[in-house]
Amino acid sequence: MRPSRLVIRMIAGVLTVALATVLQESAAAPLARSQALALSVRDLTGLDALRPVTGGVPLAAGAAPRGASFWLTDEQGQAVPCQSHVLTRWKDGSARWVLLDFQASPPPHAISRFTLRWSDRADAPLPPLPVRVVDEAKGILQTGTLRLDSADVRGLSVGDRLDVRLTLIDGAGRRCLGVVESRAVEAAGPVRGTILLRGAFRVPDQSRVLGFRLRASVFAGSSRVLLEPHLLVDADSGVIHRLRALSLDIVPRGPRQGIQLGGAATAIAGTNGRLLQVDDETCRFEGVEGTASRAPGWAELIDAAGTVAVALRDFWQQWPKSIEADAQGLKMGLFPAFSAGAFAHMEPWYKHQYLFDGDCYQLRMGQSRRWQVWLDAQGGGDALVRSANAPLVPAADPAQAVAAGTWGPIAAAGSPGMEEYDRWAENLFVNGYLNSIAKQRDYGAMNWGDWWGERGCNWGNHEYDTPKQILLQFARTGDPKYFHVGDTAARHTSEVDVIQFVNGDLTDFFHQTAGRNPHYPIRPGMVHEHCVGHVSGFYPVDRIRELYVSLGIGKTDRPYLCLDPYNLGHIWTQGMVYDYFLTGDPWMKETVEKIGVNLVQLVEDRKFPFKGGSHSGRVNGWTMLAIAGAYELDFDDRYLKAMKLLADDALSEQDPETGGWRYQLPWGHCYCETKHWGEATFIGAIRLNGLSKYYQLTGDPRIPEAVRRGVAHINRDTWEEQHSGWRYTSCPKSASGPGRQDGVIVMALVNSVGMTGDAEQLRVLRKAWAAKFERLLVAPTSSPGLGKTYSTIMDGCPEAMRLFVNGGADLAPPQAVEVTAPPQAKARN
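In my numbering, the protein residues as written are 778 to 1606.
Keep in mind the hints are simulated off the structure, nothing from the lab. Don't be surprised by glycine CBs; every beta carbon is placed ideally from N, CA and C. A few of these clues could be false.
Computed list of lysine-lysine pairs in PhoX-like fashion (alpha-carbon distance at most 20 Å, straight line) [unchecked claim]:
#1 K1332 / K1384
#2 K1565 / K1510
#3 K1510 / K1332
#4 K1418 / K1388
#5 K1452 / K1332
#6 K868 / K1418
#7 K1452 / K1510
#8 K1216 / K1565
Restraint ranges, calculated between C-beta atoms of paired labels, are given here [stated by the list, open to error]:
#9 H1288 / S1559: 37 to 47 Å
#10 P1443 / R1493: 33 to 43 Å
#11 Q853 / V980: 54 to 64 Å
#12 H1288 / D1159: 51 to 61 Å
#13 E1450 / T1290: 27 to 37 Å
#14 R1322 / S1014: 42 to 52 Å
#15 L1211 / Q1378: 33 to 43 Å
Model the full assembly from the supplied sequences, consistent with the hints where possible.
This is the structure:
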């Protein structure tokens, strides 16, 4: 297939502007290192009101040395109250990512612009009603007349007006109160104050059931409180934990005078009433009239002091959800009570039914789930929920953000030569990814944020790091729609797919159902790959096997079922790392650290096989990239040492003659009677991408030529010139034909050309890119698993375009870093 004139014109255009781009970036670099960073805050709600803004922004190395003070100015140059916290630093001690808290009122559906400045001394103005810590030990914060008090073991109080409680009903029907066991002030103002409560749900005899956390934030001069309840499935025993309900309770201290539910036609006249979001298309009203199919997710409670509004972010998307009124006050049903069979209509069973058992929810040991609930002591439910669903975030000027060096080799949207690519990428996201999520109805209490349909039956668990691909677009564009979707995706991964906690029963369960791996002990930080129910344990193994066989998965009666936690060919951290830097979310950092420590220990033990098999390329490469993500948190050299061991493993098996990695191909990669030798193209590319990332971090001189030879082998082995793509594996009968330009393969060529400038590889890359670009001018239609399609498409795309606009070699050799393996890790596999 010959590329169209549009594609030829696009590639020619980006190459002819290469010099202009280099000059532009040369001019942008001093700006990135100046003492100012341009920011924008965009409204997506149509509201015109002052609201909190929280988010992280990147700075170039050396720009803001240790000790620099930050302040913010608006478009008129007036100083704006701003709270700053350095999340991480460059190795020279200068600020790398800075978390900002301020307030803004952008025009409806428009942008307000700000400038972040810094110097040795800066006196940022205080807000008129700053947040202050009244009592740190008791966790008491105040701004104006709004007082947040966490001294009570039962939860929080908002002044002397409201109490906030968490209540769980276990599988036996016992009412378990959330009991606070510790409290800490995480942020002390002056713009935002945050309290973290830790505790456990306990039955009446005080036996522990499950853990919880509750973060509560107040904002200077604001009547709003952000509540973030967090359920931890961390029991001392058991694998599957059943509960009938979980609610966040808003209890007024005085008599209530009325309650209005968003979507209801009338206020609740009697004591009780309930709105139940049954699924993403059906809302049921009980004890009150209403007709909404998708409830907005807010309620208002009227008492003697006025009206209080409560709103849950992404209410209907996280079905089932409820808002209830009873004699005590309001209940936000995070896992609302239901009758057996209430959700039986949601098919297929292997997409939705794992969560339900009779009249109970099922959660697997090691999981967690969080929610964002906003409270406004001055009412205004509709405005509150609109704000909750699209909170304001700061976006660094894309050119400056990219020049800061934290996002990798990409180019900002709107850069010379990027115009057609920008439209292409936007179309794939909006009309491809987002459209498919909606059409496929990829919603649900434990599903929201993920996509479904891998192999036609699995939840994807964000294979190919969907959060990373989306958040890169936020960095390139500054458009907050990318941030909101990417953040939701990262939150899902950190809460649902990662094994956060382990007990003896879970360990025994894995040993019995997936086998004991003597080289990989069950521990926190393991991650589940795509599977039915996100994690295993909800169905007998035989039932999943029957499902796979009925769907023809693997073309065998003994298919791999994706249920064990040992698979390192499906593990990613970079999207979560970016999300932490953009939000300052402590849970995100905690999760990445668990994954990183788990992987590093596995590498250091030198028992798990990171080489020697037909799938070792993906195991080696993805593990290296996941460890690299954890390294970026704080530049802990332990991570680099582990990456060196993995690089040594990979290089030790590179064929000295062909430059490739050769193994006897397994079933699925070769169906011939006499098996061919070689590798799946994408697996080899993943290994090369891991090596390339290691080179970017260390400058190891062995890597560029090894990667160049590896890519040259891939092109000799599987490149199909007539189709402008790569065959699936080294087997000549494996899948081939048009449309085979996987992102990881594109990224391997980008890395090789960037390091070595290989002209033939650049030619192949351009040819593959032209075919890929033209093929995807029309976004893929909605289908199961399109999230995986989107992620594999976007992997390597912004990096490839950056390479094209620079006209060739893109990566300057990094400064070499001496990395030595710990003595106990010298032994080989």
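Comparing the hints with the structure gives:
1. K1332 / K1384: 32 Å, violated
2. K1565 / K1510: 24 Å, violated
3. K1510 / K1332: 16 Å, holds
4. K1418 / K1388: 17 Å, holds
5. K1452 / K1332: 17 Å, holds
6. K868 / K1418: Holds, at roughly 17 Å.
7. K1452 / K1510: Holds. K1452 to K1510 sits at ~11 Å (cutoff 20 Å).
8. K1216 / K1565: With a Cα-Cα distance of about 15 Å, the restraint between K1216 and K1565 holds, given a limit of 20 Å.
9. H1288 / S1559: 37 to 47 Å: Taking Cβ atoms as reference, H1288 and S1559 lie about 40 Å apart, which means the hint holds.
10. P1443 / R1493: 33 to 43 Å: 22 Å, violated
11. Q853 / V980: 54 to 64 Å: 58 Å, holds
12. H1288 / D1159: 51 to 61 Å: 52 Å, holds
13. E1450 / T1290: 27 to 37 Å: 33 Å, holds
14. R1322 / S1014: 42 to 52 Å: 28 Å, violated
15. L1211 / Q1378: 33 to 43 Å: At roughly 38 Å between Cβ atoms, Q1378 and L1211 fall inside 33 to 43 Å, so the hint holds.
Hint check: violations occur at hints 1, 2, 10 and 14; the rest are consistent with the structure.
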